[in-house]
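Protein chains: 4
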Amino acid sequence: MEVLLAYDHPRWEEKELARGLREAGARVSMLNVARQPLSGSPGCVLVRPVSMYRAYYTSLYYSSTGSTTVNRPEVIRAAGDKVETLLLLSGRGIPVPRSMIALTGEAALAAGEAIGYPLVDKPPIGSWGRLVSLVRDPGAHRDIVEHRDMIPSPQLQVHIVQEVVEPVGVDVRCLYVFGEVPACMVRRAPRGEWRSNVARGAGVEPFSGGEAAELAARAGDAVGGGVVSVDILPGSGGMVVNEVNGVPEFRGLARASGLDIPGIIASAIVSWCRR
Amino acid sequence: MEVLLAYDHPRWEEKELARGLREAGARVSMLNVARQPLSGSPGCVLVRPVSMYRAYYTSLYYSSTGSTTVNRPEVIRAAGDKVETLLLLSGRGIPVPRSMIALTGEAALAAGEAIGYPLVDKPPIGSWGRLVSLVRDPGAHRDIVEHRDMIPSPQLQVHIVQEVVEPVGVDVRCLYVFGEVPACMVRRAPRGEWRSNVARGAGVEPFSGGEAAELAARAGDAVGGGVVSVDILPGSGGMVVNEVNGVPEFRGLARASGLDIPGIIASAIVSWCRR
Amino acid sequence: MEVLLAYDHPRWEEKELARGLREAGARVSMLNVARQPLSGSPGCVLVRPVSMYRAYYTSLYYSSTGSTTVNRPEVIRAAGDKVETLLLLSGRGIPVPRSMIALTGEAALAAGEAIGYPLVDKPPIGSWGRLVSLVRDPGAHRDIVEHRDMIPSPQLQVHIVQEVVEPVGVDVRCLYVFGEVPACMVRRAPRGEWRSNVARGAGVEPFSGGEAAELAARAGDAVGGGVVSVDILPGSGGMVVNEVNGVPEFRGLARASGLDIPGIIASAIVSWCRR
Amino acid sequence: MEVLLAYDHPRWEEKELARGLREAGARVSMLNVARQPLSGSPGCVLVRPVSMYRAYYTSLYYSSTGSTTVNRPEVIRAAGDKVETLLLLSGRGIPVPRSMIALTGEAALAAGEAIGYPLVDKPPIGSWGRLVSLVRDPGAHRDIVEHRDMIPSPQLQVHIVQEVVEPVGVDVRCLYVFGEVPACMVRRAPRGEWRSNVARGAGVEPFSGGEAAELAARAGDAVGGGVVSVDILPGSGGMVVNEVNGVPEFRGLARASGLDIPGIIASAIVSWCRR
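Chains as they are written, first to last, in this note's numbering: chain A, -14 to 260; chain B, -14 to 260; chain C, -14 to 260; chain D, -14 to 260.
Source of the hints: derived by calculation from the structure; they are not laboratory data. Take the hints with a grain of salt, since some may be wrong.
The list treats identical chains as interchangeable, and a pair is accepted whether it falls inside one copy or across any two copies.
Straight-line C-alpha distance at most 20 Å; calculated SDA-like pairs for lysine to any residue [said to hold, decoys possible]:
id : residue 1 : residue 2
1  : Lys107    : Arg185
2  : Lys0      : Gly101
3  : Lys0      : Gly154
4  : Lys107    : Arg77
5  : Lys107    : Val81
6  : Lys107    : Pro123
7  : Lys107    : Glu(-2)
8  : Lys107    : Asp134
9  : Lys107    : Ser24
10 : Lys0      : Arg260
11 : Lys107    : Gln21
12 : Lys107    : Ser138
Just so we're clear, the structure is a prediction, and the values are computed from it rather than from any experiment.
Please put together the full structure from these sequences, using the hints given.
Next comes the structure, spelled out in structure tokens:
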């Protein structure tokens, strides 16, 4: 069986997935989608570009031309677009932070009045917490809005305005693999940072799932399955699903859980592509 | 019956659609989505923001919260994202310009070598031909790519590299309304411009559909129906579908056809929402 | 005598200056520098584009080709670049807010630790307080820095990190005309805004100069003379000069002072160009 | 004697300059201006950031606080801003390409009609030929202008519209050191590229100056002296000065000339700072 691993920046994850796929019996070829136009129809494609749109279009292209893709384009989009994630999850009754969708800076300031301060303002797209802002008052919100207005990306002009889920700086990340949740972990923001992204220096600890794993399973199903990670905030009022990642990093989770996460993912993908 | 008309910039189209909806028996309320966060669930929503992402999120929000939307979010996205349009159409066997999808500038230059010059390079999103470039040689392509790299919008880093369909400067635009094609027209680019957008000063003439109308019907079905316009290039090798617009302007078509286009659209929407 | 009034957006100020120049005996021709390349050498040029770089290059071009310009390019640059203003003023012993110059976001965060929070972070260029941010803590500073990093303008990557001069929301603006200070006013920020720009809704009151007028005269001399406005913060520790504007707006000052400000400026320019 | 070498990205040039300064008897300390705010007054500063604005503000800061800087801020700005370079050179009677200054895209298209096609369109700032476009016709010019309009940097909205100096793809680069011109070289653009920047793969050959060296000396004087490189186009109608670089790279020149260029520069700086 042949698997094409499409990437742009080869991280630890991509190298380990290639190893895992080979160990699971697949022949692996690599495609750097940053260097060549998309072409061919390779049968089974593991979609791993870091950039969300590169991942989305890679998956859309190959699934439109007859290949099986992991993740499917619908999943990458539903996870990569935080507005869509929110609406899908809340439509399924999965708890999420109280949120408003504002299509301009002016609407975001109006949403701020309705939600109340402090609040979180974030754009629909972006990884590692980038541009996710903890806004303490209307003046600081205006400063953020003015800056955002200067970035000429239409999608970054959209604001998700959200309640702050206390306590900040801690979340639970679970991995979802075709309906199963093999591992979760707790992430704690480093000192002086409220965002608990591993890329920002968060510490990780093992965590045995329970309610979080169940929520992660429902969230993974809601965005369409495949292989995703789910970020859950353990709020004082109960757990809420914060975000879903359609091209998940999992180095921290491998470390925290002691499991061969890339091997688990790779085996599942080989089975999926063999169906 | 109540219809919410969601807009950002009220053009002639929005005013005429409001009139048409009222004449068709609806009570119309207006919502400027640029000023307030999205809220409520108004039953039937006519989605008319000029900005594609505003239109998409408006439709996604209201359809997720139980309203009937025209267009549905899938349609606005499938038409608004030219990569998705291309893949959907060619997947259905509808003729489109020969195209390659390149996820970086470097890949676009490689696509240029494969397609050959002159060629058209355009990003996946954008209206009125904005950033659609007619590129004569690899050097000019490199200049365009360098400029594009400086615009910090992830989606604008994606290039559709496309054959030039001769003759340039003329196309057929048809309106599609829930499976019907009530009118088409020919658009001719003004002197010194190769893009035939009415916003760029193109002249319009009536055109009785035939093959174009049939192609438009298939293209409208392919992107998911509703109310869209379809741009068709009358190439020397046969007609090809160039783009589909999910929040169509139709002032030029009303003038060219002599028909009450907003009335036709409004009646169809009222029937659709009543179902 | 002939005066060329170079503009891009004709505001009240430009119309009144044209009137004043005519009343002072000049023949006035108008040039919209947004529409045509710069050309000619008209003798005396009043430089009034709203955009700082348009004003600067207009003045640089005409002064390089032999015309007398008001303001001279050095003045427009020294006032328009807030780093240069700061360094010029403090080099002359004129009191300014305690400030650090940081050439990247990372350096700005280090400057924040040195200055202490709350602080003001602003880029070297910009009018009407745009992007001038009141930052309450290091986390909010990181949010601003991340946003700024996404704006692809090299000059906006530079941060002026500054103490907050209490009380916020009030300043004194004086007009400087070739060494004289004909009028000052007090500006008070509207409710819910700390920036006292008239364009942001600040209220204005007459103010008889005294110490402020003297500071304004020194600041105007320091940036090279001509016609500028000077913003002074009446801090609890004494007055400090905050900014200088090289293409000043003065509608608020005309209202507050009851003087014919455009007439005063126009007469001075005619005398200057006649020398 | 102490010299502060201020840098952001340490290239071969910075390392060799540090070596040369030490060999010339200076104690060298290094400052990464990308990491810390500017501070202190170190006496003698060699200004070497790659980014023009970082270099400019570094020089402006240190020269305002009493240090001797190489280059002085006026030189870095006069060389870094290609509009200012052009006006300074032509004001001194030094031949330059026929050029127009256009402050908007619309003005650039009007300049294109006046200059005629093909032409060169470039912004006032930028290194290694970035955004310098060879434009074949008005349609291609419109494509470039539309792209430029999307980059939210005010200075990039300014266009220098210039005749093409034939033959393209070849220029002479000379180094200017405090009034002397120790070496020149010829650069030839690689195949498929018309820009002769070494960073773009240009080949270099030794060149003994003559007329070019004399032009370089006049151009270096015109921008204010110090250490700069001068790019000269050997046009069929005679040599013209194209650009001046205020923080010059010289690795190619060291290779082509066989001289110890960093040593030559370092000795001159030590002498200069000792004065």
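Results of checking the hints against the structure:
| no. | hint | result |
| --- | --- | --- |
| 1 | Lys107 to Arg185 | within (17 Å within a copy, 25 Å between copies) |
| 2 | Lys0 to Gly101 | neither (45 Å within a copy, 35 Å between copies) |
| 3 | Lys0 to Gly154 | neither (30 Å within a copy, 42 Å between copies) |
| 4 | Lys107 to Arg77 | neither (22 Å within a copy, 37 Å between copies) |
| 5 | Lys107 to Val81 | within (15 Å within a copy, 35 Å between copies) |
| 6 | Lys107 to Pro123 | both (15 Å within a copy, 18 Å between copies) |
| 7 | Lys107 to Glu(-2) | neither (26 Å within a copy, 32 Å between copies) |
| 8 | Lys107 to Asp134 | both (13 Å within a copy, 16 Å between copies) |
| 9 | Lys107 to Ser24 | between (35 Å within a copy, 18 Å between copies) |
| 10 | Lys0 to Arg260 | neither (25 Å within a copy, 53 Å between copies) |
| 11 | Lys107 to Gln21 | between (32 Å within a copy, 17 Å between copies) |
| 12 | Lys107 to Ser138 | both (14 Å within a copy, 16 Å between copies) |
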